[in-house]
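If you read the sequence shown in my numbering, its first letter stands for residue 85, the second for the next number, and so on.
Be a bit skeptical, because a hint or two may be false.
Subject to a maximum C-alpha distance of 20 Å in a straight line, what follows is the list of computed PhoX-like cross-link-like pairs (lysine-lysine) [said to hold, decoys possible]:
#: 1; residue 1: K778; residue 2: K372
#: 2; residue 1: K660; residue 2: K149
#: 3; residue 1: K192; residue 2: K159
#: 4; residue 1: K196; residue 2: K159
#: 5; residue 1: K372; residue 2: K385
#: 6; residue 1: K196; residue 2: K149
#: 7; residue 1: K372; residue 2: K416
#: 8; residue 1: K211; residue 2: K155
#: 9; residue 1: K353; residue 2: K385
#: 10; residue 1: K139; residue 2: K196
#: 11; residue 1: K167; residue 2: K211
#: 12; residue 1: K353; residue 2: K372
#: 13; residue 1: K196; residue 2: K240
#: 14; residue 1: K192; residue 2: K167
#: 15; residue 1: K167; residue 2: K157
Pairwise CB distance ranges (calculated) [stated by the list, open to error]:
#: 16; residue 1: R437; residue 2: I474; range: 54 to 60 Å
#: 17; residue 1: M706; residue 2: Q301; range: 14 to 20 Å
#: 18; residue 1: R738; residue 2: C456; range: 52 to 58 Å
Note that these hints are calculated values from the structure, not bench results. For every residue, glycine included, the Cβ atom is placed at its ideal position computed from N, Cα and C.
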Amino acid sequence: QEVVSEESEEESNGVNLMEFSDEILLHILSYVPCTDLVLNVRRTCRKLATLCLDKSLTHTVLLQKDYKVNKDKVKQLMRDIGKEIYQLNMAGCYWLPSSTIDHVTRCKNLVKLNLSGCHVTSLRLSKMLSTLQHLRSLAIDVNPGFDASQLSSECKATLSRVSELKQTLYTPSYGVVPCCTSLEKLLLYFEILDRSREGFMLSGQLMVGESNVPHYQNLRIFYARLAPGYVNQEVVRLYLAVLSDRTPENLHAFLISAPGSFAETGATKNLLDSMARNVRLDALQLPKAWINGSGLLQHLKFNNPFYFSFSRCTLSGGHLIQRVINGGKDLKSLTSLNLSGCVHCLAPESLFRKAEDDIDSSILESLVVSCCNLRHLNLSAAHHHSSESIGNHLCQLLSRLKHLLSLALPVCSITDVAANVEKPPTTPNLVPQTFGRKVRIGIQTYPRNLGDQANQKVESSVFWALMGSLRFLETLEIIGSSFSSAMPRNEPAIRNSLPPCVRAQSVGDSEVAAISQLTYLQSLTLAQLPNILTGSGLVNIGLQCQHLRTLSLANLGMMGKVVYMSALMDMLKHCKCLRDLRLEQPYFCAGAQFFQALSHCSSLQRLCIVSRSGTLQSDAVMSFMASCLEVIMCHMFMGESLTVCKNLQQSIVRSFQAERPALNVVIFPLLHEDLTEVIRDVPMRHLDEITLFKSRVAEEPPNLWW
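Given only the sequences and the hints, what does the whole structure look like? Please build it.
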């Protein structure tokens, strides 16, 4: 009777979903996970049964963040629409057993397949690829125990037709690269640890024979990203050795991302010399040691470049303008630029300059004028101090880049120079000024809406104006130039952090409030903002930025106390779309009030808290996990004892693993000596996207893979 009454009400209001055109319904259905469409929605009525199997919905199947999918659902999905699938993305489905891959053989027409992060043995890979004769794009992991000799001739025949390969290496190996004789795009991710679990040093040496030499003659894109470690450098040199003998004529993108020191050798120098003579590039990224002090950039030729990364290089602004932009050459094709850690990139020369000296605004102006179509710009990890010249502030110049979608800036670059002179950072006003009511000393209050912020005259700042001009910005990172996370990749936790830049001392609540103008903001990172007194701006962001999906906060305000906790809890009550939350703050108390506020984030999927001397309340965590049904990742690195951490982790897994197949829980003391061993077991998807802190703006070329 209730159903009949509801239908009658719909008819009386003239609203019936099934009366929409097929085009509109297909657009609506495109937002529904494919597993739900095929296994649930299409069983509701005849019309939806037909629409759910439309080619536009079954051509590409994305399972990479469908955390509710399990082996049985994949099996049924492949049985029902396997022949209709041309592109299948299962990247990061770490929770699925390796036997799940066997069902991919039903997808006879597959052209693109992404299995990064999935458990695949050599034999299973061979069996699967033997049946996929149309495959042209493949992404896989190469784990310890991989044996290329187990690949069948049919599998090798399929690989010989593959033109795009993404390979993540967890062991020294060529993987399937030697079998891919038609490669045009090669992406390599080196995640090899220097030591085995037993503590033995690993070697990066491989047996290089005629049968396992990579074939690069058709290569157009070469990309290599190295995790920290000596073995990764040794192995990537073996991949590059073939390139140094003969550089592919059609190579137009050459990118190597290597942390720390990666020394240039004779072979790599020959490779770069050959590239300078024979190719014209559209994308470039090199280790800093290969660029610093060399005239390489002067000799390299560029066609229509769309991506440059000079991260951590000592490249001066003068060299940047002369050798890359050719003294103001039109570079409208450039859409992504990474200058993270380039401390002298906005100065005419670096020989006698201190990192804290003022920038040369004319260099930045030349950059903005020449690269007017930039969509992704990273200027973090450097001191970019503007002078007192009117109209030449960094924020004022960047406001001309109307197409920006993502931006990363150091905290000291957004401060208003005039405000810094008038209001020294040593005497902050700890008690907010209000009218009409008394304020108790010691009780922090903050304005609850944008109107109160307006009374504080923050709209006159250059940063407020910048945020107002970048209305379509989706990703914003404001990171202290001296900030370093307490949890680096392969090392013990850092116990002491460097003090913030002097210019950054005045950046606080009003600057955070300015961010609330970004209506379409999806990802926000704030780190080392020393003048946060109450966190009032966070509430404004929660109210105004309704598309926010990723939030990362680190070391805001005083280090001895979490001064913004009350505002954070108010903010979270409005973040209905938030999926990823990362908090890094000493002495953070993850108690009942915090988790009660966090429970309002109904879409939350991943939570990571890093807190030296931080505490947690086990009962509150369990209640939160029970109320937030979408949470599949809970990482907490706190100051609690190992016993407390282990007991809580086991309780969460025991209570929720069955109904959440993708559940990944790591609760561990931050300063424990075995932290690195625990980190190595975290799925790469979570480790790379949220657990480890890093700047992600322009980290890779846009649309590098799916």
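Comparing the hints with the structure gives:
no. : hint                    : verdict
1   : K778 x K372             : holds, 18 Å
2   : K660 x K149             : holds, 18 Å
3   : K192 x K159             : holds, 15 Å
4   : K196 x K159             : holds, 19 Å
5   : K372 x K385             : holds, 19 Å
6   : K196 x K149             : holds, 17 Å
7   : K372 x K416             : violated, 25 Å
8   : K211 x K155             : holds, 18 Å
9   : K353 x K385             : holds, 16 Å
10  : K139 x K196             : holds, 16 Å
11  : K167 x K211             : holds, 18 Å
12  : K353 x K372             : holds, 14 Å
13  : K196 x K240             : holds, 17 Å
14  : K192 x K167             : holds, 6 Å
15  : K167 x K157             : holds, 16 Å
16  : R437 x I474: 54 to 60 Å : violated, 23 Å
17  : M706 x Q301: 14 to 20 Å : violated, 58 Å
18  : R738 x C456: 52 to 58 Å : holds, 56 Å
Of the numbered hints given earlier, the model fails hints 7, 16, 17; all others are met.
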